[in-house]
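With the hints in hand, could you dock these two chains into one complex?
Residue numbers (our numbering), protein chains in the order written: chain A, 282 to 393; chain B, 5 to 194.
The reader is advised that the hints may include incorrect statements.
Said to hold, decoys possible - Which chain A residues face chain B? A few, computed with CB under 7 Å, are given here:
#1 P291
#2 M295
#3 G296
#4 L298
#5 L299
#6 R300
#7 A302
#8 G305
#9 P308
#10 F311
#11 V315
#12 R316
#13 L348
No lab work stands behind these hints, which were simulated from the structure alone. Note that the Cβ used here is the ideal one computed from N, Cα and C, for glycine as well.
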Amino acid sequence: MREPSFDHAPDRAMGDLLRQALDGPAPEAFVARVRSAIGHDGRETSWDVLGRWAPAGLVAAGVAAALVWMLLRPAADPRDNGSMLASAPVQMEVTPQQAESDVLTATLLEGR
Amino acid sequence: MEPSLRTPDQTDTELAIAAARGDGDAFGVLVERYGLAARRVARAVLGHGDDADDAAQDGFIAAWRAIGQFDIARPFRPWLMRIVANAALDLVRRRKVRRAVTIPETVESRQISPDRATEDAIFRERFSAALSGLPERQRVAVVLFDAEGYGHAEIAEVLGVPEGTVRSYVFHARRALRRALGVYREEPDA
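Extracted from the complex, chain B is given alone in its bound form (with noise of 0.2 Å):
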């Protein structure tokens, strides 16, 4: 069946089902359904790079080639992001190996440049350091539950964490971030 023919209330698992029959179109359909999550969650891993690009697509190929191991009595995407997570993951211990053995001449500059020192500009600089400082997890905790809309359940399967700890993981991150912004203060010591 033509994706164009695909009704867009075809649900994560029939595609999947059709996907493990060696579908490649309704594969396909989960990846315009899912891309743009996948990608954000990989970038919150590993910052704007191609490295995040490559590493979401990682992940789609590894579903891909294990969806005949996908269980359809679950849900699709915490499983789909998991992988994509976990990509991104490894990647970012493969980096701090590299790290770990070249050490770098240079090192990076979090200033802001002159040149886009307007208040909106500022702003998300702000948050975007803020963001990279918090640890992977706090960060892919929070983009599912903010940005993707992800339940405490869903976010545990994909970070293999109980669901308090991912509670603990999103207020976190959103202090720090909230704090950085300045949008709050905060609060007194009891």
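For reference, chain A alone in the conformation it holds in the complex (with noise of 0.2 Å):
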């Protein structure tokens, strides 16, 4: 008997084989175990991933519109600045993205 070269089939008797010496104990005990785990697994839905970021988004979005409301109204509205200057908090003058704004510092600068 001569040894093949490539064969295009699947050797059925070499499956056999394989699967004989592959085959572990109790494959329905291996099944249940890993669709177990998969059930423990608590696989992360987009929701979660929202959920676990919204109390850091929340505060974020809070603080942007908060900018966003301080940086506009003088715009809008230059007769109110100094209202604006009365009622801002100490963290006007520190907080580098108010510092960054031209509107800002001349409001600031005025107010001296």
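Okay, here's the thing in structure tokens:
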């Protein structure tokens, strides 16, 4: 019997031997174990991801909204600059985003 | 939908789409469909130990987590089996690192114990020894081709190599296994 060259079809006898050699004990128990592991694995849905980021997102959105409000309001009504400064908290002078605003810088200089 | 209510002819892709929407039972059907094949692939890479079962399970968990990224235009089983094979091959790499650090005091014997010296047991032992002596990728290729019925293209996708390489893997693996069993005599050198 000669050794065949490249075979293009599966060798059933070889396949049977391989399965016998590689099949482990208790196959049903193995499948049940994997299914159980999948069931206990809390795969993240998009809602889980959103839920985890929601608190930080809400805080960021609030800060952004406050900044936008503070930056746009004086531009819309320059006469309110004084009242805005009066009601503006101390952190207005130290927040980098606000310092970058030409409008706010001008307002602060005017206030001095 | 309960797994028992699913029709057996639901395609892998249909089940994968349902799984991607969070249907764990749909993925459970895929586990039942491919669990034992994945276990055989892991055991082909890692041998007969708990590590192989752990690797197969890790592969399924990784697939479950990544099911949303599965491309439904492509076949499911090579995608799954690639994840499982990679989980097993990663474990082999970690084992090799451990072995490089810790030198074992004893060497496992491949000799056949006297109480298993029946002809059938010797046959199986020789086959297992020949199989474990093959390079890992040849083992995966021959198991997927002959035991699981995968095509060369599917195996190429699993292993991330060209089809020609898969044909070579299968050819060399079969030759080594057949020689070990004495089924075929070696071809004389031309």
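Against the structure, the hints:
{"no.": "1", "hint": "P291", "verdict": "holds, 5 Å"}
{"no.": "2", "hint": "M295", "verdict": "holds, 4 Å"}
{"no.": "3", "hint": "G296", "verdict": "holds, 4 Å"}
{"no.": "4", "hint": "L298", "verdict": "holds, 6 Å"}
{"no.": "5", "hint": "L299", "verdict": "holds, 4 Å"}
{"no.": "6", "hint": "R300", "verdict": "holds, 5 Å"}
{"no.": "7", "hint": "A302", "verdict": "holds, 5 Å"}
{"no.": "8", "hint": "G305", "verdict": "holds, 6 Å"}
{"no.": "9", "hint": "P308", "verdict": "holds, 5 Å"}
{"no.": "10", "hint": "F311", "verdict": "holds, 6 Å"}
{"no.": "11", "hint": "V315", "verdict": "holds, 5 Å"}
{"no.": "12", "hint": "R316", "verdict": "holds, 5 Å"}
{"no.": "13", "hint": "L348", "verdict": "violated, 35 Å"}
In summary, the structure is inconsistent with hint 13 from the numbered list given earlier, while agreeing with all the others.
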